[in-house]
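2 protein chains.
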Amino acid sequence: MPSDMLDQVFTKIDQLSQHFITDRLAKAVEIQSVSSDLTIEGRHKVDQMTAFLETQLKGLGATVKRYPLGNQQDTHPVLKLPDVIIAKYPATPDPNKRTILIYGHYDVQPEGKGWTHPAWRLTEVNGKLYGRGSTDDKGPVLAWLNALEAYQEAEVDVPVNLLFCFEGMEETGSVGFSKFAQKNKELFSKVEAACISDNYWLTSRKPCLTYGLRGINYFTITIAQKPLPGRTPVPLHSGIYGGTVHEPMTELVIMLSKLADSKGNILVPGINGLVDNVTSEEIAQYQKIDFSMEEFNKTIGSDAAIYTTAQDTLTHRWRYPSITIHGINGADPSEKQTTAIYPTVTGKFSVRTVPTMEGKAVKALVEHYLDQEFKKLGSKNTCKVEQLGDPAPYWVGNTKDSNFAAGSAATKRVYSTEPDLTREGGSIGVTLDIQNALGPEKSIMLLPVGRSDDGAHGPDEKLDRENYIKGSKLLGAYWWYFANH
Amino acid sequence: MPSDMLDQVFTKIDQLSQHFITDRLAKAVEIQSVSSDLTIEGRHKVDQMTAFLETQLKGLGATVKRYPLGNQQDTHPVLKLPDVIIAKYPATPDPNKRTILIYGHYDVQPEGKGWTHPAWRLTEVNGKLYGRGSTDDKGPVLAWLNALEAYQEAEVDVPVNLLFCFEGMEETGSVGFSKFAQKNKELFSKVEAACISDNYWLTSRKPCLTYGLRGINYFTITIAQKPLPGRTPVPLHSGIYGGTVHEPMTELVIMLSKLADSKGNILVPGINGLVDNVTSEEIAQYQKIDFSMEEFNKTIGSDAAIYTTAQDTLTHRWRYPSITIHGINGADPSEKQTTAIYPTVTGKFSVRTVPTMEGKAVKALVEHYLDQEFKKLGSKNTCKVEQLGDPAPYWVGNTKDSNFAAGSAATKRVYSTEPDLTREGGSIGVTLDIQNALGPEKSIMLLPVGRSDDGAHGPDEKLDRENYIKGSKLLGAYWWYFANH
Numbered sequence: 001m002p003s004d005m006l007d008q009v010f011t012k013i014d015q016l017s018q019h020f021i022t023d024r025l026a027k028a029v030e031i032q033s034v035s036s037d038l039t040i041e042g043r044h045k046v047d048q049m050t051a052f053l054e055t056q057l058k059g060l061g062a063t064v065k066r067y068p069l070g071n072q073q074d075t076h077p078v079l080k081l082p083d084v085i086i087a088k089y090p091a092t093p094d095p096n097k098r099t100i101l102i103y104g105h106y107d108v109q110p111e112g113k114g115w116t117h118p119a120w121r122l123t124e125v126n127g128k129l130y131g132r133g134s135t136d137d138k139g140p141v142l143a144w145l146n147a148l149e150a151y152q153e154a155e156v157d158v159p160v161n162l163l164f165c166f167e168g169m170e171e172t173g174s175v176g177f178s179k180f181a182q183k184n185k186e187l188f189s190k191v192e193a194a195c196i197s198d199n200y201w202l203t204s205r206k207p208c209l210t211y212g213l214r215g216i217n218y219f220t221i222t223i224a225q226k227p228l229p230g231r232t233p234v235p236l237h238s239g240i241y242g243g244t245v246h247e248p249m250t251e252l253v254i255m256l257s258k259l260a261d262s263k264g265n266i267l268v269p270g271i272n273g274l275v276d277n278v279t280s281e282e283i284a285q286y287q288k289i290d291f292s293m294e295e296f297n298k299t300i301g302s303d304a305a306i307y308t309t310a311q312d313t314l315t316h317r318w319r320y321p322s323i324t325i326h327g328i329n330g331a332d333p334s335e336k337q338t339t340a341i342y343p344t345v346t347g348k349f350s351v352r353t354v355p356t357m358e359g360k361a362v363k364a365l366v367e368h369y370l371d372q373e374f375k376k377l378g379s380k381n382t383c384k385v386e387q388l389g390d391p392a393p394y395w396v397g398n399t400k401d402s403n404f405a406a407g408s409a410a411t412k413r414v415y416s417t418e419p420d421l422t423r424e425g426g427s428i429g430v431t432l433d434i435q436n437a438l439g440p441e442k443s444i445m446l447l448p449v450g451r452s453d454d455g456a457h458g459p460d461e462k463l464d465r466e467n468y469i470k471g472s473k474l475l476g477a478y479w480w481y482f483a484n485h
Numbered sequence: 001m002p003s004d005m006l007d008q009v010f011t012k013i014d015q016l017s018q019h020f021i022t023d024r025l026a027k028a029v030e031i032q033s034v035s036s037d038l039t040i041e042g043r044h045k046v047d048q049m050t051a052f053l054e055t056q057l058k059g060l061g062a063t064v065k066r067y068p069l070g071n072q073q074d075t076h077p078v079l080k081l082p083d084v085i086i087a088k089y090p091a092t093p094d095p096n097k098r099t100i101l102i103y104g105h106y107d108v109q110p111e112g113k114g115w116t117h118p119a120w121r122l123t124e125v126n127g128k129l130y131g132r133g134s135t136d137d138k139g140p141v142l143a144w145l146n147a148l149e150a151y152q153e154a155e156v157d158v159p160v161n162l163l164f165c166f167e168g169m170e171e172t173g174s175v176g177f178s179k180f181a182q183k184n185k186e187l188f189s190k191v192e193a194a195c196i197s198d199n200y201w202l203t204s205r206k207p208c209l210t211y212g213l214r215g216i217n218y219f220t221i222t223i224a225q226k227p228l229p230g231r232t233p234v235p236l237h238s239g240i241y242g243g244t245v246h247e248p249m250t251e252l253v254i255m256l257s258k259l260a261d262s263k264g265n266i267l268v269p270g271i272n273g274l275v276d277n278v279t280s281e282e283i284a285q286y287q288k289i290d291f292s293m294e295e296f297n298k299t300i301g302s303d304a305a306i307y308t309t310a311q312d313t314l315t316h317r318w319r320y321p322s323i324t325i326h327g328i329n330g331a332d333p334s335e336k337q338t339t340a341i342y343p344t345v346t347g348k349f350s351v352r353t354v355p356t357m358e359g360k361a362v363k364a365l366v367e368h369y370l371d372q373e374f375k376k377l378g379s380k381n382t383c384k385v386e387q388l389g390d391p392a393p394y395w396v397g398n399t400k401d402s403n404f405a406a407g408s409a410a411t412k413r414v415y416s417t418e419p420d421l422t423r424e425g426g427s428i429g430v431t432l433d434i435q436n437a438l439g440p441e442k443s444i445m446l447l448p449v450g451r452s453d454d455g456a457h458g459p460d461e462k463l464d465r466e467n468y469i470k471g472s473k474l475l476g477a478y479w480w481y482f483a484n485h
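Just so you know, the protein sequences line up as chains C and V, in that order. First residue of the first sequence: 1, per the UniProt record's numbering; consecutive thereafter. First residue of the second sequence: 1, per the UniProt record's numbering; consecutive thereafter.
This is chain C alone, in the form it adopts within the complex (with noise of 0.2 Å):
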């Protein structure tokens, strides 16, 4: 098929702009689908948004089959977990094409605080469209429905088998997905390559593929006074018994301060010894990329720079791990000047894994190693690491392979530019999920259509009217080059 016909589609796209925002994206955002809101009237609100998006794909022409997940544990009240929505166009698969499974969700996170625009309203100012979801990620998996229906309306057929997988509760950790991919693999398995639109450019100016991602190990350590047989310990008066009981607290500062050094250094024996040697050509193709640590910086918005290059910066980023303390459980959080000592308390840290940090080997050093320096404390009181759930795996994808050269020709017809090959630093469960429902060998990109300033899950959420016109034309000739490598 002649590579003009796609001309044909962009120009369809630019026709039916303001359709794409008025019609779908608008409709879209007044949807409060917040999954993280667990009440009746709140998962109402997710439920319209699958309903919603069920009347656009089957308006499109794609068969719709809604999978139930069964009621989310321990709410109450009792509330149904959103469906997972199969879309499949067309209708019948073409045994002659090739099949593309689109991953995105439509739940969204809560409205928060500091909009100085609607939430849930879409606002057009100075081209950026403000409003919850807007690029994440209902712009995105709306982009895919707006490929389609160029590519139709441009009397273009539509040159790959597409399978939508749109689920309702991403940003609740995905509660139930991956027992629904385990259970449905049949579901993809015509599948020859995934994409997944649900992260940003590195920047606010280039395009990218992303083709890896950390992994993470959650882990809990408790300190806690020894009950005496029938007892339960509370909270101590420190005028009291200061100085002449172990303080769980003074313990557990010392085990934390034994994690890593203020430059981000991991002091867990082992792991720093699990990493994969960086190579000269990944150090050749971090320098290429378009970053700078001006950007960085406004973007963190203090001078908190380990680092003074951009290439630093993201080698430590993508490629190494790190080690976050993230909060204590069970001591006094507020600003009062209170003067307990807690019996029980709880530090939460995670740590970021990179290739090959497998997940069980992570936690038996941590595990260890923390084991051991308690016993050099010699305390009466009781350690306990734990780790809060499944470690969610490193995630590497194969550049080179015919799902990335698509993605790549898709972005230089479109941004007439090469895009940069980034990695995330963080953890996208569902990326696994699908990996492991398509078997190792399948491909997966992502591949983004907003940008770095979006603010996701902050206030004033905003996708680029440009990024959405040009991320429905990206979709839409990822297919086209997909099909036709």
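Because the hints were derived from the structure by calculation, they are not lab data. Some clues are possibly wrong.
[Claimed, not checked] Calculated lysine-lysine pairs in the DSBU-like style (CA-CA distance at most 35 Å, straight line):
id : chain 1 : residue 1 : chain 2 : residue 2
1  : V       : LYS384    : C       : LYS258
2  : C       : LYS336    : V       : LYS375
3  : C       : LYS263    : V       : LYS376
4  : V       : LYS375    : C       : LYS363
5  : C       : LYS298    : V       : LYS226
6  : V       : LYS375    : C       : LYS375
7  : V       : LYS263    : C       : LYS226
8  : V       : LYS58     : C       : LYS336
9  : V       : LYS360    : C       : LYS384
Based on the hints, put chain V in the right spot on chain C.
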């Protein structure tokens, strides 16, 4: 005056005991005078208690004057502080009698959780009078009034001039009391000695006189990312930023880990050098005290005691300083699996002080040490150590003066035993306020009515009927022996 006149007072106290419970303590417990309740209704209940006490005192022929303390700061709604009650008995002091200042407080702790008896209805079970304020401090305050009534009913002349000083904000830091005491020094010009009944026996068995308190310096240490001009650092995603920025929480736990070790040893250089040596006389005194590790362990409910002997434990409670870390503000105290790097975190800790650790010296040592230690980290973040409020100084009374002699003689008369001479590990701010108002040469004694197991601030607070009745005798006998020293 023959001392068997005291027997007539005691007989009257026994005869009036049910009246003291039903018409005095039970009525007082029903008034929910919770000073930390910052509602109009809550404060109204404290005022009701002021009125109750005023009526009681006037009924016994005392002159009562109320001292308003102005409005409480920073409350919404605006709340008037409860009045201080100053009552004189007799109305015109007898120049031939010595004058005693008696301090107590008529406010109580909130109900809190876990009661198995009603909190606001005095309930007697197995000789124990359960109810909020029964032992802290309504029981002791009313025991003074019981003693006065018994002298009158027995037609025995009260041998001292009484100056009662009752406040209604003690449980909320005695807001306004220090200023009141400073401003009204002339009220106390005739006072020869003061007695405070607002603490407890060291055990549940043996009466004591209390002659010492530890002081307290309360600090915060704040680690913050330095804002760029015009920016406010926000919580950062640990996936994206972990390993690339100086993390305040990592640095805070390092700093806090430098304060004390697991055995309670203070690591701040210079602090231990300020501590007076424990004398052999003190050691001998501590060895005599009726206190066991069994009951210590039972009270703390856990196997966290550092020392194995009662003497070592008491020495570290009373005669050595301690450091406790109370909590961290600004990080995530929840049990949730959250993943932020917080830009500003504050640790709270306090130093309990003993002779001769002056507050200013402690402050200087702590600040200098933490400043030096933070510099070693080589961080770009800032570290600020602040002292909250003025330090409460340590206090030590003179157990060899006539005030303590009177307390000792009264104890022997009522309980047929020599009282133990105890200190408290905690700090009672009003003791210092009163010492300042009286001048350093005047004696203050703490003369407790209740037992160690009364559970002052917890659920099922109680005062033994025996302690209430014998306590009324004890306080009346104290007057007697103070007059006849």
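Hints and how they fare:
no., hint, in the structure
1, V:LYS384 / C:LYS258, "holds, 22 Å"
2, C:LYS336 / V:LYS375, "holds, 28 Å"
3, C:LYS263 / V:LYS376, "holds, 12 Å"
4, V:LYS375 / C:LYS363, "holds, 33 Å"
5, C:LYS298 / V:LYS226, "holds, 12 Å"
6, V:LYS375 / C:LYS375, "holds, 29 Å"
7, V:LYS263 / C:LYS226, "holds, 16 Å"
8, V:LYS58 / C:LYS336, "violated, 39 Å"
9, V:LYS360 / C:LYS384, "violated, 39 Å"
Of the numbered hints listed earlier, those contradicted by the structure are 8, 9.
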